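Chemist: Which chain is which? The protein sequence lines are F and X, in order.
In terms of our numbering, the first sequence opens at residue 683 and continues consecutively.
In terms of our numbering, the second sequence opens at residue 612 and continues consecutively.
Just so you know, the hints here were simulated from the structure itself, not pulled from any lab data.
Values in this document were obtained by computation on a predicted structure and should not be read as measured data.
Yeah, the Cβ is synthetic: ideal placement off N, Cα and C, and Gly gets one too.
Mixed in with the good hints there might be a few duds.
[Stated by the list, open to error] Okay, derived cross-link-like pairs now, DSBU-like style, lysine-lysine, Cα gap no bigger than 35 angstroms in a straight line: (1) F:K754 x X:K737; (2) F:K754 x X:K814; (3) X:K812 x X:K772; (4) X:K667 x X:K828; (5) F:K853 x X:K828; (6) F:K754 x X:K780; (7) X:K828 x F:K754; (8) X:K700 x F:K754; (9) X:K667 x F:K754; (10) X:K667 x F:K853.
[Said to hold, decoys possible] Chain X is nowhere near these chain F residues, computed Cβ spacing over 10 angstroms in every case: (11) D724; (12) I743; (13) A789.
What follows is the residue order along each chain.
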Amino acid sequence: MLFSLRLSLQVAAVATFFIIIVGITIAYFLARRNFSGKELLDVLFTLPLVLPPTVTGYYLIILFGRNGFIGKQIYAWTGWGIMFTWYAAALASFVVALPLMIKTTRAAIESVDKNLINASYTLGHSEFETTLRVILPLAKKGIIAGAVLSFARALGEFGATLMVAGNITGKTDTVPLAIYSLASSGEWSRANLMVIFFTLLSGLFLYIANKLNKGII
Amino acid sequence: MIIKSIIAFLLMSTFVALVAPQISTAADQQELTVSAAISLKNAFEEIGKLFEAAHKGVKVDFNFGASGDLVRQIEGGAPVDVFASAAQKDMDEAEKKGLVLPDSRINFAGNSVVLITPANSKIPIKTFQDLGLNQVEKIAAGNPKTVPAGRYAEEVFVYFKLLTAIKEKLIYAENVRQVLDYVARGEVDAGVVYTTDAMVKAKDIRIVATAPEESHKPVIYPAAVVKGTNKEILAKAFVSVLISEEGKKVLERYGFKLIKSVQ
Chain F
683 MLFSLRLSLQ VAAVATFFII IVGITIAYFL ARRNFSGKEL LDVLFTLPLV LPPTVTGYYL
743 IILFGRNGFI GKQIYAWTGW GIMFTWYAAA LASFVVALPL MIKTTRAAIE SVDKNLINAS
803 YTLGHSEFET TLRVILPLAK KGIIAGAVLS FARALGEFGA TLMVAGNITG KTDTVPLAIY
863 SLASSGEWSR ANLMVIFFTL LSGLFLYIAN KLNKGII
Chain X
612 MIIKSIIAFL LMSTFVALVA PQISTAADQQ ELTVSAAISL KNAFEEIGKL FEAAHKGVKV
672 DFNFGASGDL VRQIEGGAPV DVFASAAQKD MDEAEKKGLV LPDSRINFAG NSVVLITPAN
732 SKIPIKTFQD LGLNQVEKIA AGNPKTVPAG RYAEEVFVYF KLLTAIKEKL IYAENVRQVL
792 DYVARGEVDA GVVYTTDAMV KAKDIRIVAT APEESHKPVI YPAAVVKGTN KEILAKAFVS
852 VLISEEGKKV LERYGFKLIK SVQ
């Protein structure tokens, strides 16, 4: 059980780390730029949010499986495959949770007072500086909310993870997968333990996140 | 305003059109629900059609999965009429828990366990022992906790004294068809399935070895009527089809072994 817990936190943390970087970047361009096909791009990035995780898992297999479009190349170059590794679990979590980050961050950035942004420009700051020192700090609450939601979603990922990482005890069995195995084989008392512990832990994260959010005003 | 009403009307009529057929057929059609081990999928689907042809007005709904998962579902109250598993163990568990009618239990088919590799695999695997080779990195087998094929595979590994050597390479799948899929897609280097499964994806895989009969418990499929069914006669009829001449022909065609003893 301890392994699954550590693995879940590891997978969610790694996924969220990349989600924050990639999510903020994409959200910024969606919020601050206009280009043809922008809303189509937004839909594309939001798809994993509304698609069933098994469909997302299916696409990931097509892309990253041993004979997948990208997986084939990776294997040819390195002899390594992502399937059945914890990296695949992180990838699955990344893909399904990214839309949450993008949506909340885009909304937060779009709601930043444009006068303040323009003021920063007239004072001679570059776009990059303005983003870093004016826009992002003002959008902080939305960004943090997005990060917390993404982390929670990444922690609870099941369907896509099962399809690309498998449920290998001691290697890729995150808590949701482990609970599924225990329930499948009728080991209800062990499953109970994991479920209760995981619920309390998730509740704790949510509580801390809410406190953090409030403390930053 | 008019556009909104039109859209609302279209949505509602689509909804009704989709739901209505189910409402009417439920009234004049009987549905028999059969939970069966997923290795029986192709054979049972055909037997299902035979049964429907012989029993007008009856529709057979199949629920395929790993035998262990199926027992769990029936235990949880799933409204199933017939249960067929790939091992005696799961049916024994069902019987012990009072989930099936003991008098209805029969054995209807046998199978053998084979080692398969992707069709274009370049790794020289010719026997079970070759699984210990360094070039073999990933081996797929059913999860022994819920998949009979996984249990048989484990017994074979133990028989050949391979378990410790290959433990790190094992990838457990949720059911035997998933093992087949992993091998067919080349995600793993080898896998253990039934002969009948190998036949389904013959083009994408290669059978390299058959497990000797003494290396695992005999693979004998039992079937029984689930307790609490409100279609006992129909369910018993389905079970009888499995050991009828027609049923046996279908099973044989899909590669299942016919067994002499029935109880």
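Chemist: So, for every hint listed, does it hold in this structure?
Modeler: Against the structure, the hints come out as follows:
1. Our distance criterion of 35 angstroms between C-alpha atoms is met by K754 (chain F) and K737 (chain X), whose separation comes to about 26 angstroms.
2. Distance hint between K754 (chain F) and K814 (chain X) is fulfilled; the C-alpha atoms sit about 20 angstroms from each other, no more than 35 angstroms.
3. Straight-line distance between C-alpha atoms of K812 (chain X) and K772 (chain X) comes to about 29 angstroms, which keeps the hinted pair within the 35 angstroms bound.
4. Between the alpha carbons of K667 (chain X) and K828 (chain X) the distance comes to roughly 39 angstroms, so the proposed pair goes past 35 angstroms and is violated.
5. Between the alpha carbons of K853 (chain F) and K828 (chain X) the distance comes to roughly 29 angstroms, so the proposed pair stays at or under 35 angstroms and holds.
6. For the hint pairing K754 (chain F) with K780 (chain X), the CA-to-CA distance comes to about 21 angstroms; that is within 35 angstroms, so the pair holds.
7. A distance of roughly 39 angstroms separates the Cα atoms of K828 (chain X) and K754 (chain F); the hinted pair therefore is violated under the 35 angstroms criterion.
8. Simply put, K700 (chain X) and K754 (chain F) have alpha-carbon atoms about 41 angstroms apart, too far for the 35 angstroms limit, and the pair is violated.
9. Among the hinted pairs, K667 (chain X) with K754 (chain F) is inconsistent with the structure: their alpha-carbon atoms are about 50 angstroms apart, more than 35 angstroms.
10. For the suggested pair K667 (chain X) and K853 (chain F), the alpha carbons sit about 51 angstroms apart, so the restraint of at most 35 angstroms is broken.
11. Distance check for D724 (chain F) against chain X: the nearest CB is about 24 angstroms away, which clears 10 angstroms, and the non-interface claim stands.
12. With 10 angstroms as the threshold on Cβ separation, the claim that I743 (chain F) sits away from chain X is violated: the shortest Cβ distance comes to roughly 8 angstroms.
13. At roughly 27 angstroms, the least C-beta separation between A789 (chain F) and chain X is larger than 10 angstroms, which holds for a residue marked as non-interface.
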